[in-house]
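Colleague: One letter stands for each residue in the lines below.
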Amino acid sequence: MSTPHRSSRAALALAVTLCACSGPPAAGTGEFPQDPLLALTSESGALQVEVRTLPDQPPTRGDVSMQLAISDVQTGDPAVGLELQVLPWMPAMGHGTSIQPTLFESAPGIYQLDHLVLFMPGTWQIRTELQGAVRDHVVPTLEIR
Amino acid sequence: MSSRHSKFAEALTAFALLIGWSPNARAQACCAGTGAITPARLALHESALVGLQLKGAIELGSFNDRGAYQKSPSGASELDLEQDAFAALRVLERGQLALLVPLVETRRTSHAQSEFGGGLGDVNLNLRYDFTWAGASRVIPGVGALLGVTLPTGKPADAEDLRPLATDATGIGAYQASLGLAVEQAYGPWLLNVTGIAAARTARTITTAGITVHEQLAPQWTALAAVAYVFPSEVALALSASYATEGKATIDSKTAPRSGHRLTTITCGGVLPLSDAWRVQGALFANPPLSGSSLNQTGLGGATLTLVHSWT
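Protein chains in written order, with the working numbering: chain Y, 1 to 145; chain U, 1001 to 1312.
Just so you know, these hints were derived from the structure itself, not from any lab. Take the hints with a grain of salt, since some may be wrong.
[Stated by the list, open to error] Partial pick of chain Y residues on the chain U-facing surface, computed with a CB cut under 8 Å:
no.	residue
1	Q57
2	T60
3	R61
4	P78
5	G81
6	F104
7	G122
8	T123
9	P140
10	L142
11	R145
No residue lacks a Cβ here, since even glycine has one placed at the ideal position from N, Cα and C.
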């Protein structure tokens, strides 16, 4: 991979990180369902992550918005002010996407990803790094039709 | 060359063409490279050929990571188009070298989005060496070794400058090497073939948005069986079935759950000699929409049309 390529990817990473800390850009339309699609525990076991999707839940292929409601497993308190880095990946195909989702904290502990473009059917991992008061990792896995 | 021998040679060519397009190429271009078999196989009496193959396929549905078949949701569709320019040259009495250059286009529709894109795909180079020829002996079948290399000349689906639905993804983003063994025999007008191919890809390391993924896909194993019948007019018909399987991938040194593959493909087709130098071939193919027959794959149905010019 060339140096310019790395630079541009680093810029994208920075942009995603900054989005997680600043005000919301254009949000996905509609309201997320009340019941989560998935409820996961982060790799360290310290965080509970509930996953909801729009416009469909479960999601179908195309432009998807995803909400991650992150809280402390022990106290139930929302995990506020985290920096999230997200990489959509198809493990069976060995590739990701060219479009980086936008990301913002829509409410305390509630993180919203927009423009998650899952363009083909199959299993997609949403590989997510969490940084802030904790440093953790979670991988919601979506089956896309 | 006797008439019978000529017919046999044509039949072998027909056979090669009818079964010949790599099973991998039945999958989407962004997710499977070409393999050790191409349409560019020389008949016994030929020294070189060039050709053009047109392919069109539509998505019928998909097979999830448990092998369950599901139809595409309303409003979602995919059309795959491909134009392959190919050439083959006899470099040894028993050895032939072939080159295939694909152009790949995709049209995807999802919800309100619709997109069309394409470009140069992954270029494939392959070598075939026939230790023995089918029909030369009643006892010993034709045995050929196949060696293929696919170069990452196309754009992988996670390249930076793609359209949102990645319709201009045209390659796998990795080198692929394939090694195969083909066994075939002629019984009068009938030709039978069994081919086995092993393929491996180089690992990919992608860093995006501060996250690095290092993925090594498992080796892929393909078995292919085919039967062809050659009419006195030298028109030939063939039916083939292929089954490809691939173990789970490894991501960051850990086995990735739900990442294995299976793909079953049925192909039927025919070849029509237009003259001593020209022949045309057509085929229909599909991944049967039966749960369990494929895994982690898009199910396609489509057709190919191939025109070949050869020199003796």
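Colleague: Give a verdict on every hint.
Modeller: Here is how each hint holds up against the structure:
Interface restraint check for Q57(Y): the shortest CB-CB distance to chain U comes to about 13 Å, outside 8 Å, so the restraint is violated. Of the supplied interface hints, the one on T60(Y) holds, with its beta-carbon coming within about 5 Å of a beta-carbon of chain U, less than 8 Å. The beta carbon of R61(Y) is positioned within 8 Å of a beta carbon in chain U (closest approach about 5 Å), and the interface hint is therefore held. For the restraint placing P78(Y) at the interface with chain U, the shortest Cβ-Cβ distance is roughly 23 Å, beyond the 8 Å limit, so the hint is violated.
Taken as an interface hint, G81(Y) does not check out: its beta carbon lies about 17 Å from the nearest beta carbon of chain U, beyond 8 Å. Taking 8 Å as the C-beta contact cut-off toward chain U, the hint placing F104(Y) at the interface is violated, the least distance being around 14 Å. A least Cβ separation of about 6 Å between G122(Y) and chain U falls short of the 8 Å threshold, and the interface hint therefore holds. Annotation: T123(Y) was flagged as interfacial toward chain U, and the flag holds, the nearest CB pair being 5 Å apart, inside 8 Å.
Using the Cβ-Cβ criterion of 8 Å, the hint placing P140(Y) at the interface with chain U is not satisfied: the shortest such distance is roughly 13 Å. Taking 8 Å as the C-beta contact cut-off toward chain U, the hint placing L142(Y) at the interface is violated, the least distance being around 11 Å. A hinted interface residue such as R145(Y) counts as satisfied when its beta carbon comes closer than 8 Å to some beta carbon of chain U; here the least separation is about 5 Å, so the hint holds.
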